[in-house]
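Visitor: So the chains spell out like this:
2 protein chains.
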Amino acid sequence: MAKGDGGSKKKSQSKASKKSKKDRRGDGPVVGVDVGGTKVLARLIDPETGEADGWAKASTPKTGLDDLFNTVEEVIDELLDGRSSMKDVSAVGIGVPGPVDGDGLVFKCPNINGWDQPIQLAEVMGDRLGVDVVVSNDVNCGAVAEHRVGAGKGADSLLAVFVGTGVGGGLVLDGKLVVGARGMVGEIGHMTVEPGGRPCGCGGTGHLECYAGRAGIDREVRRRTEAGASPFLLDLVGSSPIKSRHIQAGVEAEDPLTVELVDEAVHALAQAIGNAASLLDIPVVVLGGGIVDRLGQKFLDDITGSPRFGGFGPDITRLVLAERLDDAGAIGAALLAGED
Amino acid sequence: MAKGDGGSKKKSQSKASKKSKKDRRGDGPVVGVDVGGTKVLARLIDPETGEADGWAKASTPKTGLDDLFNTVEEVIDELLDGRSSMKDVSAVGIGVPGPVDGDGLVFKCPNINGWDQPIQLAEVMGDRLGVDVVVSNDVNCGAVAEHRVGAGKGADSLLAVFVGTGVGGGLVLDGKLVVGARGMVGEIGHMTVEPGGRPCGCGGTGHLECYAGRAGIDREVRRRTEAGASPFLLDLVGSSPIKSRHIQAGVEAEDPLTVELVDEAVHALAQAIGNAASLLDIPVVVLGGGIVDRLGQKFLDDITGSPRFGGFGPDITRLVLAERLDDAGAIGAALLAGED
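Protein chains in written order, with my numbering: chain A, 1 to 340; chain B, 1 to 340.
It cannot be assumed that every hint is accurate.
[Said to hold, decoys possible] Cut-off 25 Å, straight-line C-alpha distance, at most; resulting in silico cross-link-like pairs (SDA-like, lysine to any residue):
| # | chain 1 | residue 1 | chain 2 | residue 2 |
| --- | --- | --- | --- | --- |
| 1 | A | 57 | A | 90 |
| 2 | B | 108 | A | 108 |
| 3 | A | 108 | A | 82 |
| 4 | A | 176 | B | 87 |
| 5 | B | 108 | A | 182 |
| 6 | B | 153 | A | 103 |
| 7 | A | 39 | A | 154 |
| 8 | A | 153 | B | 176 |
| 9 | B | 108 | A | 63 |
| 10 | B | 153 | B | 241 |
| 11 | A | 39 | A | 156 |
| 12 | A | 153 | B | 102 |
| 13 | A | 176 | B | 183 |
| 14 | A | 153 | B | 103 |
| 15 | A | 176 | B | 107 |
| 16 | B | 87 | B | 52 |
| 17 | A | 108 | B | 222 |
| 18 | A | 108 | B | 87 |
| 19 | A | 176 | B | 293 |
| 20 | B | 176 | A | 155 |
| 21 | B | 176 | A | 154 |
| 22 | A | 176 | B | 244 |
| 23 | A | 153 | B | 314 |
| 24 | B | 57 | B | 175 |
| 25 | A | 176 | B | 155 |
| 26 | A | 153 | A | 48 |
| 27 | B | 153 | B | 87 |
| 28 | B | 153 | A | 57 |
| 29 | A | 243 | A | 315 |
| 30 | B | 108 | A | 314 |
| 31 | A | 176 | B | 52 |
| 32 | A | 176 | B | 55 |
| 33 | A | 153 | B | 301 |
| 34 | A | 108 | A | 174 |
| 35 | B | 176 | A | 201 |
| 36 | A | 176 | B | 57 |
| 37 | B | 108 | A | 155 |
| 38 | A | 108 | B | 70 |
| 39 | B | 176 | A | 321 |
Simulated from the structure, these hints should not be mistaken for lab results.
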């Protein structure tokens with residue numbers, strides 16, 4: 001880390017980064033930034049009430065990490081324009097699409113160009129912004145948003161499951177986000193639900209996300225259609241990836257292949273969620289992500305009604321739809337920064 | 001709770017229980033008591049080093065909870081006889097065979113006569129003993145003993161799995177024991193490994209403990225022997241329950257039924273442990289209990305070699321044999337009391 005090596009801006013950054021967290025914290029608003037594979041979104045929240053105010057966003061640059069970090073600064077500047085100045089902000093939270101340890105070390109972000117090495121992002125951005133920065137995984141931020149100000153408000157513990165291209169999860173136990181030494185706590189998508197089953201992108205077989213994630217469903221649709229199953233979905237998408245709206249269309253049209261694959265997704269989610277909830281004494285599981293948003297409450301009812309929803313799940317756990325949608329990452333990042 | 005209602009002993013207890021935890025704690029040794037279904041075992045440890053010194057035990061009374069609590073006091077008196085007096089003891093930890101919340105509320109203990117109602121045992125025994133009392137589940141105490149002074153020493157997180165009549169587990173995440181609001185965190189025995197599989201004592205089907213627990217194996221041996229499988233095990237035990245030593249004998253004699261059932265236990269453990277370890281980013285899983293002690297390292301090697309040991313398990317998790325055997329509950333209870 002270059003510290004105090006010339007230039008007035010760098011000097012002030014260096015000074016800020018040398019202060020302790022306590023010294024640097026004020027009572028001002030907190031900024032949350034969600035760094036995604038396609039966009040960077042920032043929101044401002046009141047750490048007392050959790051209420052969000054204003055937003056700014058930009059496309060994620062594909063030209064390297066220095067450009068990405070500049071974009072984060074620019075998006076924050078745009079967010080604050082006319083509201084507050086950086087010196088009123090008490091902390092910044094950043095969510096990123098990769099594993100992060102408890103100290104803000106990001107191990108890698110496979111969906112961001114050039115981010116294949118560990119970076120101590122909390123320090124890097126803390127030096128750039130001259131304010132305390134807390135960094136967490138984006139799915140974990142989503143779990144925190146649901147726990148503090150969303151569908152899981154008031155629960156002692158919560159598992160959030162986000163069903164998208166893959167299946168990710170975040171875990172709050174006894175009120176606290178749990179991340180693990182490698183930042184990998186909550187990876188429910190790689191729990192085995194069918195030993196020896198469908199191949200997974202990670203090299204394993206039979207994992208939850210092969211059955212419930214869009215990429216797994218897409219692969220299976222192409223395989224089964226080639227083998228003679230209903231061409232409904234492939235007629236819709238051709239060689240483009242299947243989106244959640246196509247799956248919704250297939251369900252509404254009662255296309256047999258779509259219905260069968262959604263059924264398999266339901267049973268896989270039921271088994272993994274029942275197991276995770278029993279192992280961890282979880283009262284509330286929040287489900288979100290494209291497919292869940294499209295299929296809604298009936299999808300959740302099918303999961304809890306599945307014979308595979310086992311263990312203590314049926315006795316102790318209720319499933320609820322996520323409430324915070326596009327901004328959950330930014331809100332959760334801000335809440336974590338405000339609490340730290 | 002009767003407080004200060006006469007008698008010098010009760011007065012001093014009442015006074016003690018009104019002090020804050022900090023006031024009541026000294027630097028003296030800590031007593032750990034493991035209350036089991038058949039015996040009550042106490043040990044004295046040095047909270048600084050974790051080293052244990054001396055032990056005392058008695059049979060668990062079947063005549064109600066008041067007698068049980070008297071027995072706990074008597075066993076502690078016997079343990080301290082000639083070493084320390086109760087006023088030198090800085091805290092007492094008690095492990096019990098039932099779910100306990102983070103405040104020492106025991107919900108029930110099915111294996112102890114008359115314990116079918118919730119009891120705030122930390123308060124009850126704190127008042128009786130006049131010292132700070134910490135209560136935890138016995139399996140959780142075992143997990144803490146393995147984490148602090150056993151096979152998992154130095155690990156950030158640890159899952160302990162005890163394979164006995166059933167299968168229990170305890171979870172340490174980022175150095176801290178996790179218990180959950182209902183005290184049920186770690187119940188790996190009720191994770192589903194075979195949807196629609198063998199019936200479980202809890203009313204579910206296909207749970208880990210139906211395949212790896214002695215009770216589940218016993219039921220399956222009787223069912224299959226009746227259907228014509230090898231009578232080796234039933235020739236050994238008749239109508240008595242199958243013990244771990246009989247399973248060991250069956251393995252050593254290469255009895256086909258025993259080998260098959262142990263194989264099924266191995267795969268069930270592999271699947272549940274792989275799933276729990278991936279979900280929770282666990283570097284070390286400690287295995288203990290009768291069957292594990294008997295079958296030893298080869299049993300662990302078979303688990304990690306099973307194709308069902310999936311998820312991120314093979315990449316991030318190593319399995320080790322428990323090191324603390326009979327006294328793990330008492331030691332872990334004492335360690336928790338010393339740290340609280």
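Visitor: All hints, please: hold or fail.
Guide: Results of checking the hints against the structure:
1. 57(A) to 90(A): holds (21 Å)
2. 108(B) to 108(A): Since the Cα atoms of residue 108(B) and residue 108(A) sit roughly 46 Å apart, the hinted pair is violated (cutoff 25 Å).
3. 108(A) to 82(A): With a Cα-Cα distance of about 35 Å, the restraint between residue 108(A) and residue 82(A) is violated, given a limit of 25 Å.
4. 176(A) to 87(B): violated (36 Å)
5. 108(B) to 182(A): The given pair, whose Cα atoms are some 36 Å apart, is violated under the 25 Å limit.
6. 153(B) to 103(A): With a Cα-Cα distance of about 22 Å, the restraint between residue 153(B) and residue 103(A) holds, given a limit of 25 Å.
7. 39(A) to 154(A): With Cα atoms ~31 Å apart, residue 39(A) and residue 154(A) exceed 25 Å; violated.
8. 153(A) to 176(B): holds (24 Å)
9. 108(B) to 63(A): violated (60 Å)
10. 153(B) to 241(B): violated (35 Å)
11. 39(A) to 156(A): violated (32 Å)
12. 153(A) to 102(B): holds (21 Å)
13. 176(A) to 183(B): Holds. Residue 176(A) to residue 183(B) sits at ~16 Å (cutoff 25 Å).
14. 153(A) to 103(B): holds (22 Å)
15. 176(A) to 107(B): Holds, at roughly 23 Å.
16. 87(B) to 52(B): holds (19 Å)
17. 108(A) to 222(B): At roughly 53 Å apart (the allowed maximum being 25 Å), residue 222(B) and residue 108(A) break the hint.
18. 108(A) to 87(B): Measuring from Cα to Cα gives roughly 54 Å; hence the hint is violated.
19. 176(A) to 293(B): Since the Cα atoms of residue 176(A) and residue 293(B) sit roughly 36 Å apart, the hinted pair is violated (cutoff 25 Å).
20. 176(B) to 155(A): holds (20 Å)
21. 176(B) to 154(A): Roughly 22 Å separates the two Cα atoms, so the pair holds.
22. 176(A) to 244(B): Given pair residue 176(A), residue 244(B) is violated - Cα atoms ~40 Å apart, limit 25 Å.
23. 153(A) to 314(B): Not satisfied, since the Cα-Cα distance of roughly 36 Å exceeds 25 Å.
24. 57(B) to 175(B): Status violated; Cα separation ~30 Å.
25. 176(A) to 155(B): Holds, because 20 Å separates the two Cα atoms, which is no more than 25 Å.
26. 153(A) to 48(A): holds (15 Å)
27. 153(B) to 87(B): Distance of about 31 Å is beyond 25 Å: violated.
28. 153(B) to 57(A): Violated, at roughly 46 Å.
29. 243(A) to 315(A): violated (34 Å)
30. 108(B) to 314(A): holds (20 Å)
31. 176(A) to 52(B): The given pair, whose Cα atoms are some 33 Å apart, is violated under the 25 Å limit.
32. 176(A) to 55(B): violated (38 Å)
33. 153(A) to 301(B): violated (43 Å)
34. 108(A) to 174(A): violated (28 Å)
35. 176(B) to 201(A): Distance of about 33 Å is beyond 25 Å: violated.
36. 176(A) to 57(B): violated (39 Å)
37. 108(B) to 155(A): holds (23 Å)
38. 108(A) to 70(B): At roughly 57 Å apart (the allowed maximum being 25 Å), residue 70(B) and residue 108(A) break the hint.
39. 176(B) to 321(A): Distance of about 30 Å is beyond 25 Å: violated.
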